[in-house]
Amino acid sequence: MQAQISPQADADTIYIGDIVTFFLRRWLVFVAAGIFAVGIAVLYLFVTTPLYKVSATVGPSTSSANSSKASNLALPFGLGAALGDGGSSTLHKQFLQTVNSYDIAALLAADKEMAKRIVEPEDGVTVTAGMMADTLKGIMAVNKLRNAPLEDTTFTEITLLHEDPAFAQKVLARIFALSDEIIRNQVRLSKTAQREVLLRSLEQTTNSYQRDALVKNLLEVEHELMTSQTNEPFSFRMIESLHAGEKPASPRRLLTLAGAAIAGGFLGFGIVCLMLFNAYRRNRGRIV
Numbered sequence: 002m003q004a005q006i007s008p009q010a011d012a013d014t015i016y017i018g019d020i021v022t023f024f025l026r027r028w029l030v031f032v033a034a035g036i037f038a039v040g041i042a043v044l045y046l047f048v049t050t051p052l053y054k055v056s057a058t059v060g061p062s063t064s065s066a067n068s069s070k071a072s073n074l075a076l077p078f079g080l081g082a083a084l085g086d087g088g089s090s091t092l093h094k095q096f097l098q099t100v101n102s103y104d105i106a107a108l109l110a111a112d113k114e115m116a117k118r119i120v121e122p123e124d125g126v127t128v129t130a131g132m133m134a135d136t137l138k139g140i141m142a143v144n145k146l147r148n149a150p151l152e153d154t155t156f157t158e159i160t161l162l163h164e165d166p167a168f169a170q171k172v173l174a175r176i177f178a179l180s181d182e183i184i185r186n187q188v189r190l191s192k193t194a195q196r197e198v199l200l201r202s203l204e205q206t207t208n209s210y211q212r213d214a215l216v217k218n219l220l221e222v223e224h225e226l227m228t229s230q231t232n233e234p235f236s237f238r239m240i241e242s243l244h245a246g247e248k249p250a251s252p253r254r255l256l257t258l259a260g261a262a263i264a265g266g267f268l269g270f271g272i273v274c275l276m277l278f279n280a281y282r283r284n285r286g287r288i289v
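The numbering of the sequence shown is the working numbering, which starts it at 2 and goes up by one.
Keep in mind that the hints are not guaranteed to be accurate.
As the list claims (entries may be wrong) - The calculated lysine-lysine pairs, modelled on BS3-like cross-linking and capped at a C-alpha distance of 25 Å, are:
{"hint": "1", "residue 1": "K248", "residue 2": "K138"}
{"hint": "2", "residue 1": "K171", "residue 2": "K248"}
{"hint": "3", "residue 1": "K145", "residue 2": "K248"}
{"hint": "4", "residue 1": "K145", "residue 2": "K94"}
{"hint": "5", "residue 1": "K138", "residue 2": "K113"}
{"hint": "6", "residue 1": "K54", "residue 2": "K171"}
{"hint": "7", "residue 1": "K138", "residue 2": "K117"}
{"hint": "8", "residue 1": "K54", "residue 2": "K138"}
{"hint": "9", "residue 1": "K171", "residue 2": "K138"}
{"hint": "10", "residue 1": "K117", "residue 2": "K217"}
{"hint": "11", "residue 1": "K171", "residue 2": "K145"}
{"hint": "12", "residue 1": "K171", "residue 2": "K94"}
{"hint": "13", "residue 1": "K113", "residue 2": "K54"}
{"hint": "14", "residue 1": "K54", "residue 2": "K117"}
{"hint": "15", "residue 1": "K171", "residue 2": "K113"}
{"hint": "16", "residue 1": "K117", "residue 2": "K171"}
{"hint": "17", "residue 1": "K248", "residue 2": "K217"}
{"hint": "18", "residue 1": "K54", "residue 2": "K217"}
{"hint": "19", "residue 1": "K94", "residue 2": "K138"}
Hints in this document: simulated from the structure, not taken from any laboratory.
Given only the sequences and the hints, what does the whole structure look like? Please build it.
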C-alpha cells in the first residue's frame, strides 16, 4: 500500500521563503530597535564623564647596572648571602611592587587636596589609605610590554585614568617620586649595613684574592650609596615620558555606538522571532 500524504500535513509545512518574507515585512521593527539601542548609548555617553589615559614607559635604571656583577665575585662563605646580588633589575622590581603598594596609597591619602580629587568622596568623608588603594586599583595599571634588545630587560607601561589629564600626569609623577624615594631609603639602610659587614670582613681576611673581591664589592656598595644621594631617578629609567592621549580612553564613542547598533539588530531579531512564533501559533500552517 502506498503511503498517503494528507492535505493537512502539507499545510503544516513551513517554507524558508515564507520566513524570510515575514522578516522583510517587519523591517521597521529592526529600525526601531536600532534607534532605541543607539539612543540609549548616546544617553550613556552624554551622562558619563570621559576619562583620559596618561601613561609612561619605564625600565631599570642604568645608574646601578654594574652592581649586578657583584654576585659573580668570589666571596668568603656566607658573605655573599649577607650582601645580596643587588643589581638594577632587582631595584626596578622593587619599584614596580612599590608603585602598587599600600604605602603609596597611604602617602597619597595623607595629601588631602590630591586625595579628594582622586577618590572623590562624599562630603564630610575622610579619605583613608584603604579607599585610596581601592581607587588606584581601578584607575592605574602596570603592564609589561616587551623585552629590550640588551640584557633581557622588560619595559613596563604604567597608566592612569582620570577626567583631567593634567592632574593625572601630576598624580603619576607623584607616585613615581614617592616610590623611588622609598626604594632609595631602603637601599641606603641596606648598603650601609653591607658596608659595615664588608669592612669587618676586610679587617679579618688575609687572603689576597678574597681581599680583592671584598674591595670590589665595597666599591660597588659605595657607588650605590653615592648614587642614592643624587636627584636623578634611582630605581627606574624613563623610557617614554609621561604623556596623555588626545581622545578619551573611556568610554570609546565609536565602539560604544557600533556595539549599540549591533545590540539593536539582535534586539529587533528577537522581537521579530517572537512575532513569528505568535503568528504560527495563532494560524497553524500559515505565516502571515
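Each hint tested on the structure:
1. K248 - K138: holds (22 Å)
2. K171 - K248: With a Cα-Cα distance of about 19 Å, the restraint between K171 and K248 holds, given a limit of 25 Å.
3. K145 - K248: holds (23 Å)
4. K145 - K94: holds (12 Å)
5. K138 - K113: holds (19 Å)
6. K54 - K171: holds (13 Å)
7. K138 - K117: holds (16 Å)
8. K54 - K138: OK: K54 and K138 at ~14 Å, within 25 Å.
9. K171 - K138: Judged against 25 Å, a Cα distance of about 18 Å means the pair holds.
10. K117 - K217: Given pair K117, K217 is violated - Cα atoms ~49 Å apart, limit 25 Å.
11. K171 - K145: With Cα atoms ~22 Å apart, K171 and K145 stay inside 25 Å; holds.
12. K171 - K94: holds (23 Å)
13. K113 - K54: Holds. K113 to K54 sits at ~23 Å (cutoff 25 Å).
14. K54 - K117: It holds: about 19 Å lies between the C-alpha atoms, which stays within 25 Å.
15. K171 - K113: holds (15 Å)
16. K117 - K171: Distance ~14 Å between K117 and K171 Cα, so the pair holds.
17. K248 - K217: Not OK: K248 and K217 at ~52 Å, beyond 25 Å, violated.
18. K54 - K217: Between K54 and K217 the Cα gap is close to 45 Å, so the pair fails against 25 Å, i.e. violated.
19. K94 - K138: holds (18 Å)
Of the hints listed earlier, those the structure fails to meet are numbers 10, 17 and 18, in rising order.
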